[in-house]
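K.L.:
Read off the chains here:
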Amino acid sequence: MNEPVEQAAFLGSIAEKLGRKRRTAVSPPSWDRKPWEGSGQELNPEAEAGGRQAAEHEQLIRQFMKQLSALNTAVYRISRADFGRVLSEVIAKHGIGSAISWDDGRLHELQLESTLNRNGIHHRLWRTTENERELRTFAESADMGITFADMGLADTGTVLLMNGGGRGRLISLLPPVYVAVLPERFIYPRLSDGMSFVRSRIPEGLPACINFITGPSRTGDIEADLALGVHGPGKVHIILLQD
Amino acid sequence: MNLQAADFKARAKEALNDTQLQRAVPFVQDRLRSGRVQAAEALGNVEEWRELLSEIRMDTIDNLDSYLEQLAGNVRANGGHVHFASKAADAVSIVSRIAEENGARKIVKAKSMITEEIHLNKHLEEQGLSVIETDLGEYILQLAGEKPSHIISPALHKRRGEIAELFSQAAGRKLSEDTSELCAFAREHLREAFMEADIGITGCNFAVAESGTVVLVSNEGNARLTTSLPKIHIAIMGMERIVPTWNELDLALTMLTRSATGQKISVYVTGISGPRQAGDLDGPEQFHLIIVDNGRSDILATAYKEVLKCIRCGACMNVCPIYRHVGGHAYGSVYSGPIGAVLDPLLEGYETAKELPYASSLCGACTEVCPVKIPLHDLLIEHRKDEVEQGYTPQMEKMSFGAFGFMASHPAVYSKAAKIASAGTTLWAKDGYISGGPGLLAGWTAGRDLPQPAKQSFRDWWKEKGGARDE
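These protein sequences, in sequence, are chains H and E. Numbers given in this note's numbering equal positions in the first sequence, counted from 1, plus 5. Numbers given in this note's numbering equal positions in the second sequence, counted from 1, plus 95.
Don't read these hints as lab results, they were simulated from the structure. Misleading hints may appear alongside valid ones.
To be verified - Pairs of lysine-lysine, DSSO-like flavour, derived with a Cα cap of 30 Å:
no. : chain 1 : residue 1 : chain 2 : residue 2
1   : H       : Lys-22    : E       : Lys-269
2   : H       : Lys-22    : E       : Lys-400
3   : H       : Lys-240   : E       : Lys-404
4   : H       : Lys-39    : E       : Lys-404
5   : E       : Lys-400   : H       : Lys-39
6   : E       : Lys-468   : H       : Lys-26
7   : E       : Lys-182   : H       : Lys-26
8   : E       : Lys-404   : H       : Lys-26
9   : H       : Lys-22    : E       : Lys-182
All chains should be modelled from the sequences, with the hints used to inform the complete structure.
P.N.:
Here is the structure:
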């Protein structure tokens with residue numbers, strides 16, 4: 006492809022100021038040092054964590070939970086069979102009347118919709134066949150948003166969401182209460198594991214929006230006084246599935 | 096506040112007399128600073144992290160043309176538009192043109208220092224567009240008609256009483272000073288603006304070259320709303336805000352949030368790779384990335400090149416004794432604190448920013464905390480040297496530098512001068528301090544008091560004590 010004129014001028018000027026010819030297709034050095042510890046395992050959150058020691062992984066789960074509890078986030082560690090009961094508790098706790106969720110097979114498997122129905126919740130799925138404006142308006146007024154998560158990071162207490170299609174980015178953003186469901190075997194040590202996971206998806210094309218979410222929306226802009234829920238959800242619940 | 100005025104001393108004096116500011120700045124500065132200290136301790140080996148990130152940033156700057164080319168190619172492959180802006184005015188007119196071509200009227204913005212640098216809001220408002228700042232701190236400042244005074248915590252100089260007043264006016268009803276009530280009002284009010292906006296404008300914390308991704312770091316979620324609801328997203332980045340791959344992003348993020356607020360990570364880290372894709376029901380239909388030079392490439396060829404490693408964490412402001420006393424506005428430029436004192440003269444020229452390199456005690460605290468190891472206080476000295484050479488320094492200061500240089504390199508002269516100094520200054524000294532005086536003394540004391548030189552010099556005292564020297 007011919008390089009656009011403006012781009013050629015812009016980049017040419019950089020090369021000139023650096024006192025050399027234009028460079029192209031430079032790869033960064035492979036930094037041999039890793040200031041963190043305990044990373045570098047094969048990354049495939051979809052697979053069983055068979056290669057890892059159970060005790061080591063138990064540590065990670067505890068670290069993940071501890072980190073989030075320090076960030077005003079409730080974490081429930083439950084079996085799949087208890088999903089309906091725990092979600093009903095969250096619904097009761099916040100007096101939820103309406104909800105919107107990802108249209109995601111991993112949530113359907115948990116009989117999410119029947120739990121919502123049983124609790125009399127007015128709810129909709131982020132179905133890509135629906136009218137955009139209508140769904141968005143519903144999401145804006147919904148009390149609760151529910152998504153699955155693709156990965157958990159123990160060091161920071163982060164969940165990673167690969168959005169796109171039925172996995173709308175607004176679900177984890179607009180409603181004041183947010184629930185993320187994460188199989189505990191998807192928990193990895195730290196941010197670098199999340200980065201490797203994202204990198205592994207580049208060949209097939211990244212979704213337009215990826216989110217790393219760590220606790221509730223917060224601000225310290227008024228006298229450094231912590232306040233939750235200023236733009237995004239002020240209440241966040243993580244449901245960890247023990248399977 | 097007059098951004099054009101090049102009179103640091105007058106603005107500093109004003110700040111020193113501002114009782115609100117004198118309480119607010121140290122309070123927030125202490126919180127941010129102790130957050131960073133704890134985060135650094137928790138990392139354990141923070142020096143290793145700094146060293147590695149510094150090397151990564153330097154590699155990026157040294158190969159900037161290549162990484163930018165890769166970034167541009169990947170943004171286009173993702174379906175986005177890429178624009179290159181050599182000057183601030185170019186960036187502004189690109190935004191204007193996008194707004195015009197799309198018949199846009201309402202714009203929401205997430206916090207971005209580069210848009211402050213190019214004075215974007217002013218120009219867009221002149222064009223008749225409504226521009227709303229959505230970061231809580233920026234929203235406070237927009238209501239107050241002020242500029243940010245800190246990179247990370249833009250309204251840190253504001254006390255809650257003032258904020259409650261501003262919000263009450265905007266709400267048309269009396270709001271209490273309670274943080275959660277004020278935040279609830281902002282959430283509701285700004286949510287409407289998000290739902291109605293035609294264009295969302297953000298900065299760019301880091302762009303990832305290998306995937307054409309713009310990464311935004313936020314705690315409030317306003318950057319997510321800005322990039323999710325409007326039909327058009329425009330991201331504006333300084334050309335050095337780039338990392339080669341997600342691996343380098345890992346280190347940069349790890350250090351950014353820890354250095355800024357002490358958080359291990361911000362609440363949201365959002366990677367935007369182009370506009371919405373087929374089958375998406377949310378996200379913008381158009382994505383534009385504007386890459387801005389605005390004087391940065393000129394820095395590449397100078398002794399100040401390392402300043403381009405900056406990741407805008409604000410840690411240097413949070414430890415600076417000068418910033419603590421005068422706040423961000425006294426710097427009179429877009430960037431404040433030690434990084435501003437280095438960067439502003441480069442972006443704006445000595446004509447308007449010549450005083451800023453002197454707004455430092457050269458204590459070096461900034462250099463010590465910088466997560467990318469920019470030698471900030473060395474660069475301030477470099478500026479002072481350049482100013483002297485280019486004739487921007489008052490004649491007296493130049494003579495002082497010259498005279499001191501001569502004395503310091505001629506021990507005998509220095510020794511004599513030290514004796515004379517004590518005797519000769521008795522006339523102007525009071526309680527051991529000199530706050531006025533003629534000639535060279537005036538050049539010094541116009542800005543600060545000088546302790547009266549001791550009657551006996553250190554060298555004489557040492558000799559008298561029979562100074563145990565090995566040689």
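K.L.:
A separate judgement is required for each hint: does it hold in the structure or not?
P.N.:
Results of checking the hints against the structure:
1. H:Lys-22 with E:Lys-269: Distance of about 56 Å is beyond 30 Å: violated.
2. H:Lys-22 with E:Lys-400: holds (11 Å)
3. H:Lys-240 with E:Lys-404: violated (37 Å)
4. H:Lys-39 with E:Lys-404: Satisfied, since the Cα-Cα distance of roughly 20 Å is no more than 30 Å.
5. E:Lys-400 with H:Lys-39: Within the cut-off at roughly 26 Å; holds.
6. E:Lys-468 with H:Lys-26: At roughly 28 Å apart (the allowed maximum being 30 Å), Lys-26 of chain H and Lys-468 of chain E satisfy the hint.
7. E:Lys-182 with H:Lys-26: Roughly 23 Å separates the two Cα atoms, so the pair holds.
8. E:Lys-404 with H:Lys-26: Holds: Lys-404 of chain E and Lys-26 of chain H sit about 22 Å apart, inside 30 Å.
9. H:Lys-22 with E:Lys-182: OK: Lys-22 of chain H and Lys-182 of chain E at ~16 Å, within 30 Å.
Comparing the model with each earlier hint shows violations of hints 1, 3; every other hint is respected.
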